[in-house]
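Chemist: Residues per chain, in single letters:
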Amino acid sequence: MKSLTSLERFLVLPELLDRVENDEDLLAELFALFQEDLPGSRAALRTAIERAELPEIERVAHRLKGMLANLSAKQAASLAAVIESAARAGDTEKIWQTQAVFDPELSAFSAKLDSFMAGVEN
Amino acid sequence: MKVLIADDDALSRRLLQKTLERAGYEVIAVENGRLAADQICHPEGPRLALLDWVMPELDGPSVCREVRRKRGERHVHLILLTSKDSKRDIVSGLESGADDYLVKPFDPDELKARLRSGMRIMELEDTLLEAREEMRYKATHDSLTTLLNRGTILEVLARELTRTQRERSCISILLGDIDHFKVVNDTYGHPIGDEVLREVGHRLLASVRSYDSVGRYGGEEFLLVLNRCEGDRALFRAEQIRNAIGQIPISTSKGALPITLSLGVHASPGFVASTIEDVLSSVDDALYEAKAAGRNCCRLAGFCAGRCLQRRD
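Heads up: the sequence lines are chains G and Y, in that order.
Residue numbers are given in this note's numbering: position 52 of the first sequence equals residue 52, and the series is strictly consecutive.
This note's numbering runs 122 ahead of the 1-based position in the second sequence.
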C-alpha cells in the first residue's frame with residue numbers, strides 16, 4: 001500500500017500495519033469507521049469544552065484517544081490523553097490550550113485520510 | 123472457542139473481531155457492558171471475554187463484578203482491554219474480578235498469547251472439574267451395578283423421609299433380595315453372579331420413575347425409594363418390579379438364567395414421624411415375610427398398611 005506514505009506525518013505505519021497484520025482491506029475499513037465517528041466525537045468534545053462539562057470532556061477525550069491509538073496516530077492520541085487527564089484534574093486552561101492544537105490536528109488528519117481513501121477507491 | 127468482545131468504539135470492536143477471527147475464534151461483539159454481562163452470564167455464554175473499561179450501561183469492572191457474582195461454577199476468563207494504563211487503574215481492574223489486563227492499543231501477538239493463556243487455565247479447570255465429578259460419582263455409586271451405593275441410598279432415604287414428613291405426603295420403601303443368589307455364584311461362578319447383579323440393577327432402574335431412587339444396599343439386596351407413593355399403590359409397584367426381574371430370564375455368558383426377586387414394602391405416610399431405623403427394620407421384616415412365604419413375592423409391612431388405611435378412614 002504505497003500511498004500510505006502520505007499518512008506518515010500522522011501515523012506510525014509499521015506499528016499500524018503490524019496491528020492489522022498487513023490486512024489492507026481491514027485498514028480501509030478502520031479508516032472509514034474513524035471518519036464516520038469523528039464528526040460526532042469532535043462536536044461532542046467542543047460542546048463539552050464550551051460548557052466546561054469535565055466528566056463529558058474526559059469521556060469523549062478518552063474515546064478519541066482509544067480510536068487514535070488503535071490507528072497508531074500517536075501525536076493526536078497524546079493530545080487526547082492530555083485533554084483527558086486535564087479534565088480529570090479540573091484544569092480547564094490546559095484543556096483549552098490543548099484543544100487549540102488538537103482540533104486542527106484532527107482536521108488535518110481527517111482531510112489526509114479523505115484524500116487517501118479517495119485514492120484507494122479510484 | 124467463543125470470545126466476547128465488549129467495546130463501545132466500533133473501530134476497536136472491528137479491529138479486535140478481525141484479529142480474533144483470523145486466529146480461529148468465534149467472536150460475539152457487543153457495544154455496551156449490559157449486553158456483555160448478559161451474554162457472559164448465560165449458561166451457554168462465552169468463557170473468554172475482552173472488556174473495554176469505559177462503556178455505556180455498565181463499565182468493564184462492573185461487568186467483571188456482576189459476572190463473578192452471578193456466573194455459576196464454570197470459570198470465565200475476563201480480560202480488561204483499555205487505554206487506562208495507570209497502576210491504580212490496573213490494580214482496580216484486577217480487583218474487580220478481571221483475570222488479566224491489557225493496555226490499548228494492543229499488540230496482536232500479545233493479545234493472542236494472553237487468550238491462549240486464558241484457555242490453558244480453563245482447560246486446567248475443566249480437567250479438575252471432570253476429575254472431581256468422576257470422584258463424586260465413584261464415591262456415590264456402586265461400581266458393579268452403577269446404582270447408588272449403600273451410603274448414598276441411605277442419605278436419599280433420610281432426606282426423603284424428612285421431606286415427606288414436612289409435606290405430609292407419602293413415601294414407599296422397597297427392599298429387594300435376589301432369590302437363591304448364592305446358588306448362582308456357586309454354580310456358575312462369581313463373574314456370572316456379577317452379570318446377574320448388573321442386569322438386575324439395570325431392570326430395577328428401568329422400572330422406576332425418574333424421581334425415584336435405587337441403590338445397592340448389600341451383596342444382592344437393593345433398596346428403592348419411591349416418592350409420593352402410598353401403601354396400596356406401593357404393593358402394586360413392587361409387583362411390577364418383581365415381574366420385571368422374574369418374567370424374562372437374565373442372559374449371561376453361560377446362558378439365560380431364571381432369576382427372581384423377593385420384596386419387602388414399607389409405606390411411610392407423612393403424618394407418622396418415622397426414623398430411618400424404623401423404616402429399615404420394618405421393610406426388612408416385610409422382606410423376611412416374603413422369603414418365608416416361598417420367595418418371588420412381595421409383602422407389605424403390616425404396621426404401615428394399617429396406618430395408611432386408618433388415616434384414609
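Among the hints, erroneous ones may be present.
[Stated by the list, open to error] Straight-line alpha carbon distances no greater than 25 Å define the calculated DMTMM-like cross-link-like pairs of lysine to aspartate or glutamate that follow:
1) Y:K140 to G:D91
2) Y:K124 to G:E21
3) Y:K140 to G:D114
4) Y:K234 to G:E56
5) Y:K140 to G:E36
6) G:K74 to Y:D231
7) Y:K140 to G:D23
8) Y:K209 to G:E58
9) G:K94 to Y:E317
10) Y:K140 to G:E58
11) Y:K304 to Y:E361
12) G:K74 to Y:D211
13) Y:K209 to G:D91
14) Y:K124 to G:D23
15) G:K74 to Y:D229
16) G:K94 to Y:D264
17) Y:K140 to G:D25
18) G:K74 to Y:D130
19) Y:K234 to G:E15
20) Y:K376 to Y:D308
21) G:K112 to G:E36
22) Y:K234 to G:E29
23) G:K74 to Y:E232
24) Y:K140 to G:E56
25) Y:K234 to G:D114
26) Y:K209 to G:E56
27) Y:K234 to G:D23
28) G:K74 to Y:D207
29) Y:K192 to G:E58
30) Y:K140 to G:E50
31) Y:K124 to G:E8
32) Y:K260 to Y:D211
[Stated by the list, open to error] Listed next, with one range per pair, are the computed distances between beta-carbon atoms:
33) G:L4 to Y:V213: 36 to 46 Å
34) G:V12 to Y:A261: 55 to 65 Å
35) G:E93 to Y:G146: 44 to 54 Å
These are computed hints drawn from the structure, not numbers from a lab.
Just so it is clear, the structure is predicted and the values come from calculations on it, not from any experiment.
We treat Cβ as the ideally placed atom computed from N, Cα and C, and that holds for glycine.
Chemist: Tell me if the straight-line CA distance from K140 of chain Y to D25 of chain G falls inside 25 Å.
Modeler: holds, 11 Å
Chemist: Decide if the proposed pair is consistent with the structure: K124 of chain Y and E21 of chain G, CA atoms, cutoff 25 Å inclusive.
Modeler: Cα-Cα ~21 Å, so holds.
Chemist: Run the distance test for K74 of chain G versus D130 of chain Y: straight-line Cα separation, threshold 25 Å.
Modeler: holds, 21 Å
Chemist: Are the Cα atoms of K234 of chain Y and D23 of chain G separated by 25 Å or less?
Modeler: holds, 17 Å
Chemist: So if I understand the rule, the pair passes when the alpha-carbon distance is 25 Å or less; does K234 of chain Y with E56 of chain G pass?
Modeler: Violated, at about 33 Å.
Chemist: Would the pair K192 of chain Y and E58 of chain G pass a check requiring their Cα atoms to be no farther apart than 25 Å?
Modeler: Violated, because 31 Å separates the two Cα atoms, which is more than 25 Å.
Chemist: Holds or violated: K74 of chain G and D231 of chain Y, Cα atoms, limit 25 Å.
Modeler: holds, 20 Å
Chemist: Lying within 44 to 54 Å: is that true of the beta-carbon distance E93 of chain G to G146 of chain Y?
Modeler: holds, 50 Å
Chemist: Is K234 of chain Y within 25 Å of E29 of chain G, Cα to Cα?
Modeler: OK: K234 of chain Y and E29 of chain G at ~22 Å, within 25 Å.
Chemist: Straight-line Cα separation of K140 of chain Y and D91 of chain G no greater than 25 Å?
Modeler: violated, 38 Å
Chemist: Straight-line Cα separation of K74 of chain G and D229 of chain Y no greater than 25 Å?
Modeler: With Cα atoms ~15 Å apart, K74 of chain G and D229 of chain Y stay inside 25 Å; holds.
Chemist: Is the straight-line distance between the alpha-carbon of K74 of chain G and that of D207 of chain Y 25 Å or less?
Modeler: holds, 15 Å
Checked against the numbered hints given earlier, this structure breaks hints 1, 4, 9, 10, 16, 24, 25, 29, 30, 31, 32; the rest are met.
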